[in-house]
Amino acid sequence: MTKELAIESVITEAFSSYRSEWMKDLHSYYTEPRYFPELVTHRPCFLIGGRGTGKTTVLKSMAYTYQREEGGGVASKDYFGVYHKFEIGIANSFHGKGVSDEDWIHLFEHYLNLRICLMTLELLKDLVSDGIVNNNDFDLAPMLASLGIELSADIKGVFDGLRLEISRFSRVVNNPRLASGTETSILNMPISELFYSIASSGILHEKFFYLIFDEFENLHNWQQKIFNTLVKHCGGNFVYKVGSKRNGIKTKYTSANNEPLFSPQDYAKIDIDERVSTSEFSEFAAKVCDIRLGRIQKGSSHDRCPETRIKNLLEKLDMDSEAIKLGVDKENKIISEALLRLTKVANIDLISKLTELQKFYLSYLVEKNSSSLEGELTHFLTNRNQWIVNYENYKFDLLFKIRKGKVGISKYYNGWETYISLSGNNIRFILMLLESTLLRSVKNNDGRLPAVIDADTQTKSCKSVAQSVFDEVAGLSYDGPQYQNVVLAFGKLFGYFASSIIKKTPELNQFNIEDLATNESTEDFIRSCVMHYVLLEARETKQTKRDEVSEYDYSLHPIFAPKFSFSSRKGRKFNITTETFNKLIDAPEAGVKAMIHDSKGKNEQSGLFD
Numbered sequence: 069m070t071k072e073l074a075i076e077s078v079i080t081e082a083f084s085s086y087r088s089e090w091m092k093d094l095h096s097y098y099t100e101p102r103y104f105p106e107l108v109t110h111r112p113c114f115l116i117g118g119r120g121t122g123k124t125t126v127l128k129s130m131a132y133t134y135q136r137e138e139g140g141g142v143a144s145k146d147y148f149g150v151y152h153k154f155e156i157g158i159a160n161s162f163h164g165k166g167v168s169d170e171d172w173i174h175l176f177e178h179y180l181n182l183r184i185c186l187m188t189l190e191l192l193k194d195l196v197s198d199g200i201v202n203n204n205d206f207d208l209a210p211m212l213a214s215l216g217i218e219l220s221a222d223i224k225g226v227f228d229g230l231r232l233e234i235s236r237f238s239r240v241v242n243n244p245r246l247a248s249g250t251e252t253s254i255l256n257m258p259i260s261e262l263f264y265s266i267a268s269s270g271i272l273h274e275k276f277f278y279l280i281f282d283e284f285e286n287l288h289n290w291q292q293k294i295f296n297t298l299v300k301h302c303g304g305n306f307v308y309k310v311g312s313k314r315n316g317i318k319t320k321y322t323s324a325n326n327e328p329l330f331s332p333q334d335y336a337k338i339d340i341d342e343r344v345s346t347s348e349f350s351e352f353a354a355k356v357c358d359i360r361l362g363r364i365q366k367g368s369s370h371d372r373c374p375e376t377r378i379k380n381l382l383e384k385l386d387m388d389s390e391a392i393k394l395g396v397d398k399e400n401k402i403i404s405e406a407l408l409r410l411t412k413v414a415n416i417d418l419i420s421k422l423t424e425l426q427k428f429y430l431s432y433l434v435e436k437n438s439s440s441l442e443g444e445l446t447h448f449l450t451n452r453n454q455w456i457v458n459y460e461n462y463k464f465d466l467l468f469k470i471r472k473g474k475v476g477i478s479k480y481y482n483g484w485e486t487y488i489s490l491s492g493n494n495i496r497f498i499l500m501l502l503e504s505t506l507l508r509s510v511k512n513n514d515g516r517l518p519a520v521i522d523a524d525t526q527t528k529s530c531k532s533v534a535q536s537v538f539d540e541v542a543g544l545s546y547d548g549p550q551y552q553n554v555v556l557a558f559g560k561l562f563g564y565f566a567s568s569i570i571k572k573t574p575e576l577n578q579f580n581i582e583d584l585a586t587n588e589s590t591e592d593f594i595r596s597c598v599m600h601y602v603l604l605e606a607r608e609t610k611q612t613k614r615d616e617v618s619e620y621d622y623s624l625h626p627i628f629a630p631k632f633s634f635s636s637r638k639g640r641k642f643n644i645t646t647e648t649f650n651k652l653i654d655a656p657e658a659g660v661k662a663m664i665h666d667s668k669g670k671n672e673q674s675g676l677f678d
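If you use our numbering, the sequence shown corresponds to residues 69 to 678, in order.
Any given hint could turn out to be false.
Stated by the list, open to error - Heads up, simulated PhoX-like pairs for lysine-lysine below, C-alpha to C-alpha not over 25 Å straight-line:
#1 Lys393 with Lys355
#2 Lys421 with Lys531
#3 Lys531 with Lys393
#4 Lys384 with Lys355
#5 Lys275 with Lys145
#6 Lys145 with Lys165
#7 Lys384 with Lys463
#8 Lys472 with Lys355
Keep in mind the hints are simulated off the structure, nothing from the lab.
What you are looking at is a predicted structure, and each value in this text was computed from that prediction instead of being measured.
Let's have the full structure, built from the sequences with the hints guiding it.
Here you go:
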């Protein structure tokens with residue numbers, strides 16, 4: 069009899085594989101995204117997406133190694149793919165050491181020739197092993213001659229020779245005295261010779277070849293120009309599929325500086341964030357998570373993990389229920405007593421039908437407008453329709469104010485839609501949230517997963533993940549501590565806006581930097597924040613007197629919302645300058661205090677919230 073694993077181990081195995089590199093059996097977890105048909109076309113493509121968007125998983129799914137794992141998937145595909153990830157350490161090695169920039173260009177061009185030929189030869193070797201082609205089907209002599217490598221007896225021998233050559237070449241790159249005498253190849257010539265040989269054989273005439281490169285952002289500007297040249301001039305029976313983070317494409321120019329890549333003429337661009345709507349992502353994420361939840365159910369007895377779907381597992385509080393759970397009735401004690409005394413101006417039947425959250429809104433209006441309860445009640449009775457419209461606009465925002473300044477949960481984060489919102493359409497964050505939630509729930513329920521996970525457990529898990537992601541930010545890059553300051557400053561600011569009575573619209577959690585285009589260093593830093601998912605950007609088109617101008621509004625990634633208790637939904641925005649932004653980042657505490665003081669001291673029609 070097989071011993072049943074602890075459910076915690078099963079949960080961790082199913083939900084902790086945030087990255088494709090960690091997955092033992094990628095194909096069993098893989099769910100094809102809707103944009104996939106646009107990716108598997110016979111044209112070059114750049115797939116844009118940050119950590120957790122599923123970009124790497126999708127790119128790897130096109131590789132022949134994945135098709136082999138899939139079993140019967142090889143014959144059904146009209147393409148063969150090979151995958152490679154650009155490593156930042158290798159990219160950085162083509163620099164300095166007393167070697168001229170021109171020589172580094174030639175060396176990197178030769179490296180790309182070697183790398184692409186090696187990738188393709190590994191594929192051919194696997195095809196021989198699988199009985200799809202034979203060793204003598206291709207004339208590889210022209211390719212080897214262009215690389216300066218001796219001919220071998222078979223495909224495996226050629227592969228071994230290329231592998232040895234690229235290992236030797238790595239020593240050349242790292243030793244300047246060897247670099248000067250190294251023979252290099254002309255960019256693209258060995259690659260063209262190789263694929264001409266494959267095409268000429270006629271053996272694989274029904275198959276197309278995808279050369280898949282990931283983490284394009286790790287290449288330097290000049291290296292991207294060289295690779296762009298390959299993309300520009302590929303064709304025939306092979307194309308490039310390139311993965312990059314948002315803002316990771318540093319240049320669209322080729323080695324010929326006056327020759328840029330154009331979309332859609334030269335390549336197709338698929339931006340995952342722009343292409344996938346929230347509703348589509350929700351559907352996709354549910355499929356991904358249901359597969360993983362099924363793994364838990366399969367690996368556990370029914371009493372430890374009931375049959376259910378991920379959407380049904382998470383309790384969802386409506387706003388009125390959440391208000392009660394937050395203690396709004398206790399907060400309303402004084403106003404409820406006051407309402408009973410105002411019978412002379414009130415319709416007692418209408419007052420008795422007010423929900424606790426509506427009573428809290430009356431209290432909020434008294435403080436916000438510096439008015440009296442009697443005056444606000446009169447306005448409610450005489451303008452009920454408009455009052456209800458205004459209330460609905462403020463209803464969600466009111467939840468953040470009920471427990472202002474109190475210890476404990478000040479806002480609940482619960483339900484599938486909220487998890488989707490917190491993730492920012494990022495599958496990595498969804499998996500992190502659910503792993504934390506499931507493990508906490510099991511711990512609270514004596515090793516069993518309940519049919520429904522309560523809102524308290526969900527909220528505490530969301531806060532834990534938000535803190536974990538915040539801690540990770542410092543290690544994202546050299547600027548990591550500055551990224552943390554961005555999160556800290558705007559998190560504190562948005563949290564203050566959410567809980568406080570301010571004379572402006574609800575849910576202030578976006579900002580626009582008015583003069584960003586005039587400050588290159590700040591603009592570069594913002595782009596880096598977006599690339600690392602510290603900030604999200606949303607394009608806005610403004611009509612000026614002469615033309616339409618596009619600019620961006622920014623917000624913290626919603627995964628941080630539970631840490632600071634602000635809304636994960638896209639809200640209203642305010643304007644700041646680059647000077648204010650930089651003050652916030654250099655000294656978050658002082659910067660936030662100054663902005664709060666500024667917002668209180670200025671007229672509603674001008675200043676911070678305009």
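Against the structure, the hints come out as follows:
{"no.": "1", "hint": "Lys393 with Lys355", "in the structure": "violated, 31 Å"}
{"no.": "2", "hint": "Lys421 with Lys531", "in the structure": "violated, 35 Å"}
{"no.": "3", "hint": "Lys531 with Lys393", "in the structure": "holds, 18 Å"}
{"no.": "4", "hint": "Lys384 with Lys355", "in the structure": "holds, 19 Å"}
{"no.": "5", "hint": "Lys275 with Lys145", "in the structure": "holds, 8 Å"}
{"no.": "6", "hint": "Lys145 with Lys165", "in the structure": "violated, 46 Å"}
{"no.": "7", "hint": "Lys384 with Lys463", "in the structure": "holds, 17 Å"}
{"no.": "8", "hint": "Lys472 with Lys355", "in the structure": "violated, 38 Å"}
Checked against the numbered hints above, the structure violates hints 1, 2, 6 and 8; every other hint is satisfied.
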